[in-house]
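Position chain B relative to chain A; hints supplied.
Given next are the chains, with one letter for each unit.
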Amino acid sequence: MEEVKQQVISLPRLGEPAPAFETATTHGVLKLEDFKGSWLVLFSHPADFTPVCTTEFIAFAEIYPELQKRGVELLGLSVDSTSSHIAWVRNVEEKTGVKIPFPIIADLNKEVSMAYGMIHPGQSKTETVRCVFIIDPNQIIRTILYYPLTTGRNMDEILRIIDALQTTDEHKVATPANWRPGDMVVVPPPSTQEMAEERVKQKEYECIDWYLCKKKL
Amino acid sequence: MACISPDGKPTESGTKMLRALKSRLGSAEEIAKDAGLPLFRVRSGLRELTQAGLANQKGDKYEITDKGAELIG
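Residue numbers (this note's numbering), protein chains in the order written: chain A, 365 to 581; chain B, 4 to 76.
Where hints are given, some of them may not hold.
[Unchecked claim] Each computed PhoX-like pair below joins lysine-lysine, with the alpha-carbon atoms no more than 20 Å apart: (1) Lys395(A) to Lys64(B); (2) Lys36(B) to Lys433(A); (3) Lys578(A) to Lys565(A); (4) Lys463(A) to Lys433(A); (5) Lys400(A) to Lys64(B); (6) Lys70(B) to Lys400(A).
[As the list claims (entries may be wrong)] Some chain A residues judged to face chain B by a derived CB distance under 10 Å, without partners named: (7) Thr390; (8) Val393; (9) Glu397; (10) Asp398; (11) Lys400; (12) Gly401; (13) Glu437; (14) Leu439; (15) Ile464; (16) Pro467.
Since the hints were made in silico from the structure, they are not lab data.
Model, not experiment: these values are computed from the prediction.
By construction, the Cβ of each residue, glycine as well, lies at the ideal position given by its N, Cα and C atoms.
With the rest of the complex left out, here is chain A (with noise of 0.2 Å):
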């Protein structure tokens, strides 16, 4: 009987080293080691001159500054050609006035891409889905999001789970649901009876019960 091989790809997971690349860009020959010190959001898109990515790139674009004071960099990707990707955000700046100021990683031989996950063969065999990885300045993976072809991403999203990296990180605490900079944030919950019964009484924290205390930063 013939054996049958089946190919077995180990995805990226969170808290783990983000895979090594050296990859053709349109800011050069970039490896992920060069970003080490920062974080760094890694993005796919399905294809250059395309409406979806291109509001995406737009709105990339826009929360640059926003990234650069929170010392993130931003690094986009497809399998697009480095000549495609200068096309494109040339046509971007040309007819909508906006610059596209961060590298685009040309993954022509799907090395990247193939490495962090990035194409879904039942969305598209040779196009990757919208996929962003929070990379902390440890290049540890911190964020894993994919969304389908059909979606755009949510600026404000990315923006929000950076900032509560980066407090969680600082203060050793954790982000409730919907919580935004200037929110209440978690305490960790107690670990034995003692320090629960502790817990409650302490007048800085506003609880609901023992397991679930919130404070002000």
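Quick look at chain B alone, frame taken from chain A:
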């Protein structure tokens, strides 16, 4: 290449990096600050400049070569 044009001349960002290197031996972080460029661009650019013989790496610092200095005048 982002720092060197096909005709062998440094691009605008390559020139900024070489000018920063001309004034001092510097790390990628220092060159990024002096040249006003993102650190990732400088790390990538310094690789190119080194491969092209326009800069030399000494530990974690970089210096301009005679060829690099000649190109920016």
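Here is what the structure says about each hint:
1. Lys395(A) to Lys64(B): Holds: Lys395(A) and Lys64(B) sit about 19 Å apart, inside 20 Å.
2. Lys36(B) to Lys433(A): 16 Å, holds
3. Lys578(A) to Lys565(A): 13 Å, holds
4. Lys463(A) to Lys433(A): 18 Å, holds
5. Lys400(A) to Lys64(B): 17 Å, holds
6. Lys70(B) to Lys400(A): Roughly 30 Å between the alpha carbons, so the hint for Lys70(B) and Lys400(A) is violated.
7. Thr390: 9 Å, holds
8. Val393: 6 Å, holds
9. Glu397: At 8 Å from the nearest chain B Cβ, Glu397(A) passes the 10 Å test, so the hint holds.
10. Asp398: 4 Å, holds
11. Lys400: 8 Å, holds
12. Gly401: Cβ of Gly401(A) sits 7 Å from chain B, so the hint holds.
13. Glu437: 6 Å, holds
14. Leu439: Constraint on Leu439(A) satisfied, holds at 9 Å.
15. Ile464: Result: violated, 14 Å to nearest chain B Cβ.
16. Pro467: Since chain B brings a Cβ to about 8 Å from Pro467(A), closer than 10 Å, the hint holds.
In summary, the numbered hints that this structure violates are 6 and 15.
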